[in-house]
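Build the full structure now, drawing on both the sequences and the hints.
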Amino acid sequence: MVTLPLRSVTMGWWRRRGSCVYRDRERAYAAAIKGRESMRLLVAFGMSCLAIPAHAQQPPTLPPSIQVVGVGTVSTKPDQAILVYWVAGEGKTADAASADLAAKQKAITAGLAGLLGADLQLTSGEVSVMETRSPKCDGPGNYNNRPRLSDGDCALTGFIATLQGTARTRVVEKAGTAAGLAARLGARDARISGFQLSDPAAAQRRATAAAIANARSQAEAMAAGAGVRLGELLSLSDQSGRNEVIVTGAASRMVAPPPPPAPVEIAITPRPLETQARVYAQFAIGR
1 MVTLPLRSVT MGWWRRRGSC VYRDRERAYA AAIKGRESMR LLVAFGMSCL
51 AIPAHAQQPP TLPPSIQVVG VGTVSTKPDQ AILVYWVAGE GKTADAASAD
101 LAAKQKAITA GLAGLLGADL QLTSGEVSVM ETRSPKCDGP GNYNNRPRLS
151 DGDCALTGFI ATLQGTARTR VVEKAGTAAG LAARLGARDA RISGFQLSDP
201 AAAQRRATAA AIANARSQAE AMAAGAGVRL GELLSLSDQS GRNEVIVTGA
251 ASRMVAPPPP PAPVEIAITP RPLETQARVY AQFAIGR
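Note that my numbering gives residue 60 to position 60 of the sequence shown, counting from 1, and the numbers run on in steps of one.
If you are wondering where the hints come from, they were derived from the structure by calculation, not from laboratory data. What you are looking at is a predicted structure, and each value in this text was computed from that prediction instead of being measured. The beta-carbon is built from N, C-alpha and C at its ideal position, and this holds for glycine as well.
For each label pair, taking beta carbons as the anchor points, the in silico distance ranges come out as:
(1) A201 to L233: 18 to 26 Å
(2) T76 to D119: 14 to 22 Å
(3) R148 to R184: 32 to 40 Å
With a straight-line cut-off of 25 Å between C-alpha atoms, the simulated DSS-like cross-links for lysine-lysine are:
(4) K92 to K136
(5) K92 to K104
(6) K106 to K92
So this is what it looks like as C-alpha cells:
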C-alpha cells in the first residue's frame with residue numbers, strides 16, 4: 001500500500017474541482033451570449049414586422065388641387081310684413097278689465113282684416129290680468145316687492161288686462177298704415193317688427209348657385225395665374241352653417257267685415273332682404 005501525502009491529494013482534488021468549475025462557467029457564458037444574440041434577432045424581426053404595416057398604411061399622396069371658398073349673395077324683395085301690437089283693458093273688477101280688453105281686440109282685428117284683406121293671419125297670446133294699487137303701496141320699506149295686505153295705501157284700486165297680438169300680411173305696402181290703424185282702435189305700441197320671405201328656400205338656392213359660380217370663377221383665375229389648366233370638381237360642401245328655425249302657432253284667418261273709416265295712410269318701402277351662401281370647392285389641376 002502506497003500512502004501519498006495529504007497535501008498532494010488535496011491539491012490534486014482542488015485542481016480537478018477548479019477545472020470543472022471553470023468549464024461550467026465557460027459553458028454558462030457561451031449560453032448567455034447565444035441567448036442574447038437570439039434576443040437581438042427576435043427584437044429586430046419584430047420591429048421589421050411592425051414597420052411593414054405602418055408603412056403600408058400611409059395615405060397615398062393626393063394630387064395637386066386648387067381649393068377656394070365661394071360666396072354668393074342675392075337680394076329679394078320681401079313679400080311678408082309682421083305687425084306686433086299690445087292691447088290693454090282696464091276696469092274695477094277683473095271681469096270688467098277683461099271685457100274692455102276683448103272689445104278692443106275685436107275692433108283691432110276687424111279693422112286690420114278690413115284693411116289688409118282675408119289673407120291676413122292673426123295670432124295672439126301672453127294674456128295677463130293684474131291688480132292695481134296706489135303708488136304709495138310701493139313706497140319706502142317695501143323691499144323686493146313683498147306682498148302686502150289690500151288695505152290702507154295698498155287697497156285694491158282695479159285691474160289691468162293685457163294681450164299681445166301679431167299680424168302677418170302679404171300686403172307689405174300697407175303695413176305702416178295697419179300699425180296706425182291698430183293704434184287708433186286702441187292698441188298700445190303698434191309697430192312693424194320685420195319683413196320676411198314666404199319662400200326663403202328659393203332665395204337660398206339662388207344664393208348657393210351664385211356661391212358655386214363664384215368659387216369656379218376664383219379657381220379659374222388662380223389656375224390662369226399659375227399657368228395650369230383647371231380640372232374637374234373634386235369636392236363641394238356648404239359652409240353657410242345655417243340653422244333653420246320654423247316657428248308654428250295657432251293662427252286665425254279673419255273674414256273681412258265692412259271696412260272701417262279710412263285710416264291714415266303711412267307709405268313704407270322696405271329694403272330687399274339679403275340671402276348669403278358660402279361653399280368650399282376643390283378643383284383638380286388638369287394635366
